[in-house]
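Visitor: If you want the building blocks of each chain, they are given just below.
There are 2 protein chains.
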Amino acid sequence: MNTDDATMRGIAREARRAQRGLAGATAATRTQVLEHVAQLLSDREAAILEQNAADCEQARREGLAGPLLSRLALSSGKLATLRDGLRTLASGEDPVGRPITRTELDEGLELTKVLSPIGVLLVVFESRPDAVIQIGGLAIRSGNAVLLKGGREAGRSNAALVGCLRDALAYGGMGADAVVGIEGRTAVKALLELDEDIDLVIPRGSGELVRSIQASTKIPVLGHAEGICMLYVDRAADPAMAARVAVDGKCDYPAACNATETLLVHRDFLPQLPVVGNALIDAGVEVRADEVSRAWMPGAVEAGPTDGTVEYGDRILAVRTVSSLDEAIAYIHEHGSAHTDAIVTSDEAVAERFLNEVDSASVFHNASTRFADGYRYGLGAEVGISTSRIHARGPVGVEGLMTTRWLLRGRGQGAGEYGDGKRAFRHRRLALP
Amino acid sequence: MNTDDATMRGIAREARRAQRGLAGATAATRTQVLEHVAQLLSDREAAILEQNAADCEQARREGLAGPLLSRLALSSGKLATLRDGLRTLASGEDPVGRPITRTELDEGLELTKVLSPIGVLLVVFESRPDAVIQIGGLAIRSGNAVLLKGGREAGRSNAALVGCLRDALAYGGMGADAVVGIEGRTAVKALLELDEDIDLVIPRGSGELVRSIQASTKIPVLGHAEGICMLYVDRAADPAMAARVAVDGKCDYPAACNATETLLVHRDFLPQLPVVGNALIDAGVEVRADEVSRAWMPGAVEAGPTDGTVEYGDRILAVRTVSSLDEAIAYIHEHGSAHTDAIVTSDEAVAERFLNEVDSASVFHNASTRFADGYRYGLGAEVGISTSRIHARGPVGVEGLMTTRWLLRGRGQGAGEYGDGKRAFRHRRLALP
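As given, the protein sequences belong to chains C and D, one line each in that order. Position 20 of the first sequence, counted from 1, bears residue number 93 in our numbering, the numbering being contiguous throughout. Position 264 of the second sequence, counted from 1, bears residue number 337 in our numbering, the numbering being contiguous throughout.
These are computed hints drawn from the structure, not numbers from a lab. Errors might be hidden in some of the hints.
[What the hints assert, rightly or not] Not the full set, but computed from the structure, chain C residues with beta-carbon under 8 Å of chain D:
| no. | residue |
| --- | --- |
| 1 | 191 |
| 2 | 272 |
| 3 | 317 |
| 4 | 318 |
| 5 | 435 |
| 6 | 466 |
[Unchecked claim] Covered, in the sense of this in silico footprint (three residues per stretch, anywhere, with C-beta under 8 Å from a C-beta of chain C), are these stretches of chain D:
| no. | region |
| --- | --- |
| 7 | 168-179 |
| 8 | 439-445 |
Even glycine gets a Cβ: it sits at the ideal position worked out from N, Cα and C.
Hey, can you work out the whole structure from these sequences and the hints?
Guide: This is the structure in structure tokens:
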């Protein structure tokens with residue numbers, strides 16, 4: 074183990090120590106810390122914007138592309154939005170220790186299952202320095218420690234923002250090491266080895282970033298590498314509705330992971346397909362259609378061998394004809410990414426079969442795939458969207474950062490007092506306080 | 074990839090296909106399959122016992138130890154118990170598709186989060202052929218597929234029991250490949266590579282088995298490698314209660330993972346320690362005490378350097394003196410396994426700090442560590458006890474074999490209809506049906 078690995082292990086263990094203090098503190102303390110982060114963002118606004126200007130200046134010199142530059146740039150307005158977000162978290166419910174179930178095992182023997190922080194999180198994100206405050210705020214509210222690795226180009230901005238989080242923790246009497254800024258790929262590589270010291274990795278960025286992290290760690294990863302979302306237009310679909318849902322799914326934000334990438338069309342719907350095809354083409358979408366469906370959409374281009382199985386992240390949509398609901402479901406299972414898939418149909422029985430059988434994190438009837446999102450689902454802040462089948466699945470809110478603990482309160486009972494011919498358990502479910 | 078790897082991948086993928094059929098079927102179908110497994114266990118009793126007798130005969134020739142032999146042996150009585158378990162599962166609630174939350178996002182746009190099977194499980198267990206039916210039954214009830222790898226010595230028995238499960242699936246019109254018996258270490262090694270085709274590994278057996286599986290797969294592992302459970306006797310502990318909880322924790326079943334291994338004693342309690350020490354020694358426990366506590370327990374032996382940090386699985390208990398609650402908690406975090414830890418005290422404030430701050434799956438006040446168990450917690454069948462901080466933690470029942478899906482039912486809405494200056498979401502929580 075080289076020095077760098079040892080340093081990283083030390084950082085992760087100090088984070089664990091600070092996290093236990095943060096989780097053991099009162100909700101009021103975590104609230105106070107969050108309010109103080111907002112205060113520091115205000116007090117230090119000039120210094121933060123100065124550091125950010127230096128990052129932007131260097132990025133411009135190094136030729137960073139326009140959209141990335143605008144994501145990198147902070148402003149008074151963006152800082153005000155971040156303060157609003159922190160105040161929303163500060164006034165929101167504290168999840169730490171929240172009871173989920175209560176059971177009377179026997180008289181004077183009561184079991185409570187409570188929410189408890191996962192522990193030490195490693196979050197790897199790209200470009201936007203805003204993420205430091207958003208993620209750091211979520212971690213503080215949920216009693217987790219977080220190691221934050223942002224993009225190199227935002228180094229000075231991230232450091233200034235991490236400083237606000239750490240100073241606010243110290244101000245609240247908490248260990249500052251519950252939030253740590255990490256720099257450099259070597260450091261991340263070393264951290265990804267520490268499956269005993271880090272409990273969850275959350276990559277926020279490109280599919281490439283997610284895949285490379287998934288491939289190089291044994292720590293559980295919350296996220297999704299791909300969003301190959303599909304829309305199945307059933308033979309009993311209303312053509313105008315199908316057009317509306319397809320255009321929204323593809324065009325509302327084509328680069329999003331929940332954008333529709335493949336349209337599956339029942340062959341009996343083909344005579345009405347022009348309504349959908351024209352709407353898409355009018356919206357500026359390049360429609361790549363199989364031979365059968367292209368006969369009904371003269372404006373479409375010929376699909377290549379990979380069309381229908383990939384994430385475009387652009388105004389491109391594949392169209393394929395299927396002969397049955399079963400074929401559509403099988404195609405989604407074979408070529409989709411189990412992120413979000415939708416059906417348009419006015420046949421309730423077909424819709425229920427689709428909802429029941431499609432094995433994806435989100436499955437929709439008569440709604441655009443773009444609804445798959447923590448904010449739209451009403452989860453508040455979104456940690457990410459998970460296609461994992463373990464822990465949290467689909468859009469993940471603060472509860473995805475929580476695990477549980479079982480608390481048992483007794484009067485000195487031993488397990489040997491129960492069993493055949495002895496005392497019996499009551500197992501009576503109690504109301505939550 | 075050699076042939077064996079390809080074969081295993083094929084088996085896992087066929088299991089996935091059969092699993093989707095099983096999950097998409099009605100609860101009544103899964104119930105019918107479970108009832109038919111019980112019927113087949115009855116119809117085939119003679120043949121099953123014959124195969125089992127052959128296993129036992131060979132095991133005796135090969136010199137298998139007595140306790141292992143008795144775990145290997147089936148009987149009419151054991152088969153009757155298995156049938157009872159299946160009927161309990163058959164008459165119990167079916168978790169597949171059970172709604173957990175319902176939210177009205179807007180008029181005519183309703184989101185439901187439902188329980189959904191994890192998918193394909195790999196369960197590796199030792200010796201007891203009973204486990205085939207117990208695990209297979211749980212998998213069928215929960216709509217999961219399961220690949221079952223039992224001990225070599227139980228090969229014939231396991232094959233006969235797996236046959237009952239597969240034939241019952243086929244009888245119910247389901248794919249038999251939702252349950253597959255796996256033989257040989259090479260096969261398991263190949264399966265542990267398939268992190269895209271297998272969703273969860275559940276090792277049921279020794280810490281060595283669990284550790285070796287955790288070290289050799291990227292698939293999430295549900296279980297625990299160690300159960301180093303600790304009991305802290307506070308200075309405000311009632312001596313008789315401390316003695317009772319310590320003796321039960323150590324002696325009720327010393328080989329269990331939830332047996333107490335280390336006793337931490339507040340130094341102010343030392344004058345009353347003889348009550349606890351004598352009770353333990355009278356119960357036949359070898360007490361390995363540090364120097365300070367040994368002065369109060371003449372019957373104890375001197376603790377070595379590793380005592381207090383290991384799982385004995387035997388009638389041996391380490392005793393260490395601490396100066397404060399904080400020192401006790403720090404010791405548990407440093408040397409425990411985050412499985413189950415307990416405090417005996419009549420000081421409620423100290424108890425609540427212990428319950429709040431000890432970061433273990435189960436934390437008890439005035440109760441024996443032996444209560445950490447799915448049956449005692451009222452979870453019904455126990456899948457295992459997890460010390461992972463992701464997914465399920467502590468004793469895990471059927472719900473630990475479930476993930477969730479989000480179902481959205483709309484009227485053709487697009488996400489672009491919502492936002493600033495457009496429609497607003499309602500996010501109204503609805504009652505469950």
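Visitor: Next, verify each hint and record whether it holds.
Guide: For each hint, the structure was consulted:
no. : hint    : verdict
1   : 191     : holds (5 Å)
2   : 272     : holds (5 Å)
3   : 317     : holds (6 Å)
4   : 318     : holds (6 Å)
5   : 435     : holds (4 Å)
6   : 466     : holds (5 Å)
7   : 168-179 : holds (count 3)
8   : 439-445 : holds (count 6)
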